[in-house]
Amino acid sequence: MSKFLKVSAAVLMMASPAVAGDSLGLGRPALPEEIAAWDIDVLPDGRGLPEGRGDAFTGEEVFAEKCASCHGDFAEGVDNWPVLAGGFDTLADKDPVKTVGSYWPYLSTVWDYVNRSMPFGAAQTLTEDEVYAIVAYILYSNDLVDDDFELSHENFAEFEMHNQGGFIQDDRAALEYPMWRVEPCMTDCKESVEITMRASILDVTPDEGAAEGEEQTAAVVEEVVEEEAPVEAVTALDPELVKKGEKVFKKCKACHQVGAKAKNKTGPVLNGIMGRGFASIDGFKYSKVFKAAADEGRMWDEAEMAAFLTKPKAYLKGTKMSFAGLKKEADVAAIIEYLKSVDD
Amino acid sequence: MADELNNTSRRAFLKGGAAAVVGTAAGAASAGTPDPLITEVQDWASFTGEGVDETPYGLPIEFESDVVRRNVPWLTADPISSINFTPIHALDGTITPQGCAFERHHSGAIELKKDDYRLMINGLVDQPLVFTYEDLERFPRENHVYFCECAANTGMEWAGAQLNGVQFTHGMIHNMEYSGISLRALLNEAGLGAAGDLADKWVYVEGADASSNGRSIPMEKALDDVLVAFKANGEALRKEHGYPVRLVVPGWEGNMWIKWLRRIEVTDAAVESREETSKYTDVMEDGTARKWTWEMDAKSVITSPSPQMPIKHGHGPLVISGLAWSGHGRITRVDVSKDGGKSWETARLGTTQGDSKALTRFYLDTDWQGEDWLLQARAMDETGYVQPTKDQLREVRGENSIYHNNCIQTWYLNAKGEAENVEVS
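The listed protein sequences correspond, in order, to chains A and B.
Residue 209 in numbering that gives the first Met the number 0 sits at position 210 of the first sequence, with consecutive numbering throughout.
Residue 56 in numbering that gives the first Met the number 0 sits at position 57 of the second sequence, with consecutive numbering throughout.
Hints may be right or wrong, so weigh each one.
[To be verified] If you anchor each label on the Cβ, the simulated ranges turn out as follows:
#1 194(A) with 41(B): 40 to 48 Å
#2 123(A) with 64(B): 37 to 45 Å
#3 193(B) with 44(A): 14 to 22 Å
#4 268(B) with 291(A): 48 to 56 Å
#5 260(A) with 312(B): 34 to 42 Å
#6 172(A) with 52(B): 54 to 62 Å
#7 164(A) with 56(B): 49 to 57 Å
#8 284(A) with 312(B): 32 to 40 Å
#9 395(B) with 22(A): 53 to 61 Å
[What the hints assert, rightly or not] Only part of the chain B face toward chain A is listed, based on derived beta-carbon distances under 8 Å:
#10 71
#11 137
#12 178
#13 271
#14 272
#15 276
#16 286
#17 365
#18 368
#19 377
#20 411
#21 413
#22 414
Simulated from the structure, these hints should not be mistaken for laboratory data.
Values in this document were obtained by computation on a predicted structure and should not be read as measured data.
In this text, a Cβ means the ideal position worked out from N, Cα and C, and glycines have one as well.
For reference, chain B alone in the conformation it holds in the complex:
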């Protein structure tokens, strides 16, 4: 089976799922004939495996080669200024491994050595400063888990169901444990006396790459929970995520999480850069556009079963699994519907106490007897906000806002165990 899967395209794999339902569930479970995997001595039980140091830095085993980032080539003009998608269909728990966490570059992922790294703070500060990488490591350090979601996640689904895979509909997200220092500590080091009243001040942050992507962040957020991070999930950031230093802006759209952070400027106004005017602004139905839509509202999605994760084990016990998150704080509840939103049951949250502004895993432990299901998940966060339906969103915003689509997603599960991206009335 594994060999067969490795030799087929994903779509063929999806079609193959049907046959699998009927056939394989049996394999291990059927009594009667003894299982040769048990009765016969297997190679791996007789010969030795690889020694230590065979792979000084390990990669996933070859059988997991399907669990990779993928892009949608027609979305952008060029992969150097583009995005790809986290394989969330195949992950569990909440932490996203760096190697498969989505990438979004405006001028490609650059290679910037720690020795060549400089961070400048200037503008309305008492003393403009330049820091080296080592300087940053000498500030008090913090560790926090946060999700990073591109504002355009699910953006292709505004006008209708388009992409058949949760990786593509919801994969512009990752969730990592960051180690770094608070932006507040850095601003303090430069001194904010020169800024006067902080209430109407901003920090403008920009990257060292060729796009020098820059965004304006209101001072209140800058002094609240923003991190200047250099490690993720315990190890150095990957180059595609901003090695050696990136900004972490908890709960706010991914574009503000400046990678290869090189400059922080205290200003008395928003710079109104390209990424906060012509992009990352949300066109409403009447043609006016919302700007400064920074927070990511509560959202959830079932990751399995889903189009890339058909049910292959046949009827009986089934774990429905998914992810929920909110830029406003903790996820307090996730409900799951099997009938397209007519009725709901409350799912079990997979972590005892979810982190604020971090992914929460949910499970619904259930039984499937081959029914047609219209599967949906609906998240609630600690502010009492309930994830809206796509129609509710479209009623307020129309279909052209691209960004901030946090609608309830529907998967149609058929009798064969295959799932499809659909919209329902």
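Only chain A is shown next, with the shape it has when bound in the complex:
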């Protein structure tokens, strides 16, 4: 047990005058509705869980729609995004695969994390039943339950995770400190010293110097200036609105990149998207509805984009984009203006 948990009576005594001291009368009482809105943490014993339920079968659909673009259809992880399934009995291997199934000690942590932080870029948009269903599906993808398994507030506490017993409390104070709290050697500490490994052999050090980066930025700025001039003459972008749109675009940045170095991520690159055909960015895996729209020859004009950004799922049923939509018309207008400014 850490020394911090063997709480010394002395420290708490010392602290107690302050703890018991007069209050300054600052702040105001938190209202029950406010506490309910923010106090959403769930403890290992299930305290804090709202009522609800969802089965793995339903979870598979929700997962495919809202999670799979990063975590893969089978929770296997895309690119560098976290793998959620498998890896059992690898924790003592050279490269342990730490997944929800193989490593996470408590199911409450999965529920709490999905509920508060996921999907990435659209946190706190899942319903409680969706969270139950997703968690049930993650268990299913780890072969821990069958696909008809339903998780609910009623059976939650019964579920014990595979690696629950795999953790010990910090034992450095007992194991390491006595070994290393000794007077160190100053002379003749070793007979010989050889270099056993060199970083230059592996060489994974990032190569970009600041100076080089700056040069590129400068070049990009020049390019933009050169190209923007004629464009402005035709469409006369409103610079204020572009600026506003750039701010709104932060909501999109978790999935979409723009600019000279932009790459397809969870969503496609958006350089020059306005005026382009649907599903026309090279190398991006579009959903079926997007491909169908492309086949119909649909183009991204202002009306299409505004409708899409206002209610993505209603506008193109089946889109993989897990974005709830922009509520304010002004935001939609601003972002469209901004997208017009990020030409190829």
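Fit chain B to the supplied structure of chain A, relying on the hints for placement.
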């Protein structure tokens, strides 16, 4: 020379260092031909410079444009949930300027106005409360200097020497002077009577960003030295460090220093959030994992010379400079070895009295005649703890624990003055 450096990549710069050793040391020093920088009237000695207000908020001069945070793109899936590194190779003293202090976000750096800021205290308290930013400024204020180190600092080096630059091996650290109020005062305001016996109680703290990163802190620490801070190095926190309010948990891993702090809950158990179970737990060789490894053990590293800071001035007097710190208190001594740990000499601490749980600067004023050196630093703290070697750590923990790698670092310095990240027997 400066122009040449600005036009090359860092790696080319490192290679260039070799040529520099032979050539430039002379420039200013060689007697014989008069130095035109002295004998000729320079532009800056004749024409005027910029007036006041040219830059209402100043940035470093362009010649220092290399002193910036950098990231390691292959480390993470996305820069929005990622980390970058403080350019500690190029800094001196102990305070880290906010503008180049490393960033670690889980859902990006958000923009939260003071007017929109709310802090809630709830759970096992007598009266759950909501504070505005102005409310916080009315509590008694304190100023303290503390280091903040990510538990994963040096984490890429467990299995071997990997990254050739102290910025990348040790740059997940910064050291600032924080202005704020004690967490104890806030808990007192809400009243801890409802919590009963405090010995087994916790506070759960969480942020206002989309990750709402949350951690559980034992009550003893919460009542000890934890700060709710709103200024760093005299000015408002930067958005990347949690503007307008962050938690400061002295000596403990950076992940617990919740940014954009929005809620403090008194609980009777650890919440076991994602960041204290699936992350920030340390897998040992047998596959079991240590949890609740909060304290950052004593550590030090030579920042110059180092791979990004080759010796360019030629033979003769050389200042070896570095940083030391401990989450257990003050640094009492730093030893430096030039022969890979065979023999050691004690360095000079660069501050008369180092702050507790803050960075300490050390110097070894020495002479270099082009020898091959295997440079190491070894810190000791006020508990008598001596920074271990990488092999000592691996013997206890294996190579998979990712976090809490406080091993002794070795730089191989060659005859050209270039340094490389190596491991030694």
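Each hint tested on the structure:
1. Between residue 194(A) and residue 41(B) the CB atoms are about 46 Å apart, so this pair conforms to the stated range of 40 to 48 Å.
2. Residue 123(A) and residue 64(B) have their C-beta atoms about 40 Å apart, which keeps the hinted 37 to 45 Å range intact.
3. Distance hint check: the CB atoms of residue 193(B) and residue 44(A) are about 20 Å apart, consistent with the given range 14 to 22 Å.
4. Between residue 268(B) and residue 291(A) the CB atoms are about 52 Å apart, so this pair conforms to the stated range of 48 to 56 Å.
5. Judged by the Cβ atoms, the range 34 to 42 Å given for residue 260(A) and residue 312(B) holds: they are separated by roughly 37 Å.
6. Between residue 172(A) and residue 52(B) the beta carbons are some 55 Å apart, a value that agrees with the proposed interval 54 to 62 Å.
7. Between residue 164(A) and residue 56(B), the C-beta spacing of about 54 Å keeps the proposed range 49 to 57 Å intact.
8. The beta-carbon spacing between residue 284(A) and residue 312(B), approximately 55 Å, falls outside the hinted interval of 32 to 40 Å.
9. For the pair residue 395(B) and residue 22(A), the beta carbons lie near 47 Å from each other, so the given range of 53 to 61 Å is not met.
10. Of the supplied interface hints, the one on residue 71(B) holds, with its beta-carbon coming within about 5 Å of a beta-carbon of chain A, less than 8 Å.
11. Nearest Cβ of chain A to the Cβ of residue 137(B): about 6 Å, under the 8 Å cut. The hint holds.
12. A least Cβ separation of about 18 Å between residue 178(B) and chain A goes past the 8 Å threshold, and the interface hint is therefore violated.
13. Restraint check, residue 271(B) versus chain A: the minimum CB separation of about 5 Å is within 8 Å; hint holds.
14. The beta carbon of residue 272(B) is positioned within 8 Å of a beta carbon in chain A (closest approach about 6 Å), and the interface hint is therefore held.
15. At its closest, the beta carbon of residue 276(B) sits 5 Å from a beta carbon of chain A; the interface hint therefore holds under the 8 Å criterion.
16. The criterion of a C-beta within 8 Å of any C-beta in chain A is met by residue 286(B), whose closest approach is roughly 3 Å, and the hint holds.
17. With its C-beta approaching chain A no nearer than about 16 Å, residue 365(B) sits outside the 8 Å limit, and its interface hint is violated.
18. For residue 368(B), the suggested interface contact is broken, since its CB lies about 20 Å from the closest CB of chain A, more than 8 Å.
19. Because the beta carbon of residue 377(B) sits about 7 Å from the nearest beta carbon in chain A, less than 8 Å, this interface hint is met.
20. Interface restraint check: residue 411(B) against chain A, minimum CB-CB distance 6 Å, threshold 8 Å, status holds.
21. Because the closest C-beta pair between residue 413(B) and chain A is about 11 Å apart, greater than 8 Å, the hint is violated.
22. Annotation: residue 414(B) was flagged as interfacial toward chain A, and the flag is violated, the nearest CB pair being 15 Å apart, outside 8 Å.
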